[in-house]
Amino acid sequence: MLSRVANNLFWMGRYIERSEHIARYLNVNYFSSLDAPNQLSQSRQFVLRSMLFMVGDPVEDESAIVDEEKVLYQIGLDTTYPFSIINNVKYARENANSARDLISTELYESINKFYHFVLNYDANAYVKNGLHDFTVHVAEMTAILRGKMRGTLLHDEIYAIIMMGVNIERATQIIRMINSKHTDALRAQGSYGDKFSNSFEWTTLLKCAESYDMMRRFYKKTPTSISTLEFLILNPNCPRSIMNSLNQVYEHIKVLDTSKKYNKESTAFLVGRVRAEYQFKYIKEIETDIQSFIEDILSSLSEISQKMEKEFFNY
Amino acid sequence: METTENQMFSSYQRNPELFDEIYDKDGKIMSVYSELFDLYGEHSIKDYVKLNDKAKASFFNQGITFQVYDKKETREKIFPFDLFPRIIDPQEWDIIERGAIQRSKALNLFLWDIYHDKKIIKQGIVPMDLISSSANYLDQMVGVDPPGGIYNHISGTDVIKHKDGKYYVLEDNIRCPSGVSYVICNRTALKRALFGVFNHYKTHTVTNYAENLLDLLETVKPKGVDVPNVVVITPGMFNSAFYEHSYLAKTMGVELVEGRDLFVENDFVYMKTIRGPEKVDVIYRRIDDAFIDPLEFKPDSSLGVPGLFAAYKKGNVTLANAPGTGVADDKAVYTYMPQIIKYYLNEEPILNNVHTYHCSRPDELKYVLEHIHELVIKPVDEAGGYGISIGNRLTKEEIEVVKNQIKETPRKYVAQPILSLSVHPTYIEDTESFEQRHVDLRTFTVLGKDREFVLKGGLTRVALKRGNLIVNSSQGGGSKDTWVLKK
Chain R
1 MLSRVANNLF WMGRYIERSE HIARYLNVNY FSSLDAPNQL SQSRQFVLRS
51 MLFMVGDPVE DESAIVDEEK VLYQIGLDTT YPFSIINNVK YARENANSAR
101 DLISTELYES INKFYHFVLN YDANAYVKNG LHDFTVHVAE MTAILRGKMR
151 GTLLHDEIYA IIMMGVNIER ATQIIRMINS KHTDALRAQG SYGDKFSNSF
201 EWTTLLKCAE SYDMMRRFYK KTPTSISTLE FLILNPNCPR SIMNSLNQVY
251 EHIKVLDTSK KYNKESTAFL VGRVRAEYQF KYIKEIETDI QSFIEDILSS
301 LSEISQKMEK EFFNY
Chain C
316 METTENQMFS SYQRNPELFD EIYDKDGKIM SVYSELFDLY GEHSIKDYVK
366 LNDKAKASFF NQGITFQVYD KKETREKIFP FDLFPRIIDP QEWDIIERGA
416 IQRSKALNLF LWDIYHDKKI IKQGIVPMDL ISSSANYLDQ MVGVDPPGGI
466 YNHISGTDVI KHKDGKYYVL EDNIRCPSGV SYVICNRTAL KRALFGVFNH
516 YKTHTVTNYA ENLLDLLETV KPKGVDVPNV VVITPGMFNS AFYEHSYLAK
566 TMGVELVEGR DLFVENDFVY MKTIRGPEKV DVIYRRIDDA FIDPLEFKPD
616 SSLGVPGLFA AYKKGNVTLA NAPGTGVADD KAVYTYMPQI IKYYLNEEPI
666 LNNVHTYHCS RPDELKYVLE HIHELVIKPV DEAGGYGISI GNRLTKEEIE
716 VVKNQIKETP RKYVAQPILS LSVHPTYIED TESFEQRHVD LRTFTVLGKD
766 REFVLKGGLT RVALKRGNLI VNSSQGGGSK DTWVLKK
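Same order as they appear, the protein sequences are chains R and C.
With our numbering, the residue at position 67 of the first sequence is 67, and numbering never jumps.
Each number in our numbering comes from the position in the second sequence (counting from 1) with 315 added on.
Looking at chain R on its own, in the form it has when it is part of the complex (with noise of 0.2 angstroms):
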């Protein structure tokens, strides 16, 4: 495979990965929101802040006013802001285009629907009252675009090449989730009966990444600050969390690297020591002090992803 190609490929799948976790956060915040417990929760502008927040731009100016259709149409549907969800579809089907003899038909025909969806969404119905189903929508075609990667590609380098650009971006995305609520949770645990480790927020952050109803199976019981991290970072089974991605990542890496003691300069390496540092981790670590571990994971994947730069992409 090419090395351009290749690099398309990886980032085809981080932008189709990532376009879903901001459609699912923007309507899991909007709509928890509505009937919140807790005024500061309950109130839009703290919606809309955590929402600029999770994209990746937050606003600094605590007395500044948001204005919601702005926001949502940013975020959404606008082609001149870096961090839409139009533009991150536009990427991923950029990225296709370019690898398309190497792609199938059916994956390519999908992430092409998804993008003419995107592409003629009528922008006033959605800031009005068209949020719910465009969230809804993307969030099941980029689940249609994974089954078509499953289902139809040969589970050669290729697919290792996207998948781990999927889960790269996944555990991205989850951190950046993690961090977002963390920051909303401290923000609102001066308001009336809602302390920090029984927050709301951590509710929301659950459904957020869709693990919800399975972490009330597992845990059977209301979520709090330390089983939510629990759950969603060290949890290998639940297949949104750190540890998963991470697994998954060291399984596709494998695929490419077959060597079989890694060069301790290589990706292999590197993803494996990651891999084993968090595989046998107390969540009771990370707790104390969540704010650097959500440092320290973000560089780790940020150093896998320019070693994968430097060692298949270098072209």
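Just to be clear, a hint being listed does not mean it is correct.
Stated by the list, open to error - In silico DSS-like links for lysine-lysine, alpha-carbon gap of 30 angstroms or less:
| hint | chain 1 | residue 1 | chain 2 | residue 2 |
| --- | --- | --- | --- | --- |
| 1 | R | Lys-307 | C | Lys-594 |
| 2 | C | Lys-587 | R | Lys-90 |
| 3 | R | Lys-310 | C | Lys-594 |
Since the hints were derived computationally from the structure, they do not count as laboratory data.
On a predicted model such as this, the values are computed, not experimentally measured, just so you know.
Take the given structure of chain R and dock chain C to it, following the hints.
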């Protein structure tokens, strides 16, 4: 104007002046079309409107689009596709196929000759001026032996059916002829929309193009290579034919590369893969001559590969088509085709040539200037239907402009009598009815070492504007599925 009783064609108006392919001389439906005509007649025009929309959606979802650039942003459009197919019976097809092979072979021998001994010029059959004044003649190719002895691996021969019922060649395209993917997409789209009609006709498949192309490209591998590594090179995804490039790479199962994916070391060509460099032996290039190698041609080209031409000259890599083929699909060379065929193959041309006047010859120039109103004036070295003037469509002022242009550079122009392209019933969205539209046919011929292949089918191009004779997609043309019937 006559009308018919068939439901779908009830408002079809037939202009007796035009040669309509589905009617015979007596105004009856041709026998090959009668069953199709009845089958379509079972539908109402309303059904048809729906089918047409469905077919369009299918093209969008398959991503078979081209980019339109307007002020603010680029938009995607699909090539208009007509759901009423064109049928060619086996006898007629036989003539087209044999004729296309004959022309491709003759052109190949002609190219070899003009880049080697130039016998045809020395013997006075074609004038030296024809080559020396051509912008597409590459001095770099003189004395170069392309692997397998093939220059024009892929040729697109454009033919039309004239009023007299005979096929004429309009032009030979032997640089990077495109359109073959649309032949296959049109078939797919028609099958999806109206699969039932295929049960009534025994039609040749068109999906075997890629496998034949790959087979033939492998026959022209460089010396000393066992199983050649074939790639397709594209200018990139913003090229209007990118879909076709990716389609061909995918169906041949080979890599689609860009110039930046390749490099040359010690006169061998390699591509950069995730596992390091990999040698490349045969390149089906969809990049024009001028851009293939910045060291040899346009120095500012970023599409090509530095050193590629040197590797080619050493015989270490095959380029299909060979550089420098453009000199032979020049419209001025076209006029010598009957002589060229006779000279190299000692055969009579199977397909007719349209009589052509050379503005470079004083007597013919005089005739052209006096008869512009009944001639088509074509620049000799433009592709895509650009720069063509049709005499009887010009105003007096425009005629004067054209005359002056010709007088300024006579070598640049040829003229031909205005041919009456046949017409075919074509669905027109604006009027929601079938109307007569002019059509031509692009055929695809592949030459390999001692083997050749003609795709049984072709791209029937339709001029969608009423009365328009230029069918190129860049000039607002559409296309039709083309059925070659089995014997």
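Hint check results:
At roughly 26 angstroms between alpha-carbon atoms, Lys-307 (chain R) and Lys-594 (chain C) fall within 30 angstroms of each other, so this suggested pair holds. For the proposed pair Lys-587 (chain C) and Lys-90 (chain R), the alpha carbon gap of about 26 angstroms is at most 30 angstroms, so the pair holds. With a C-alpha separation of about 22 angstroms, the suggested pairing of Lys-310 (chain R) with Lys-594 (chain C) holds against the 30 angstroms cut-off.
The structure shown violates none of the earlier numbered hints.
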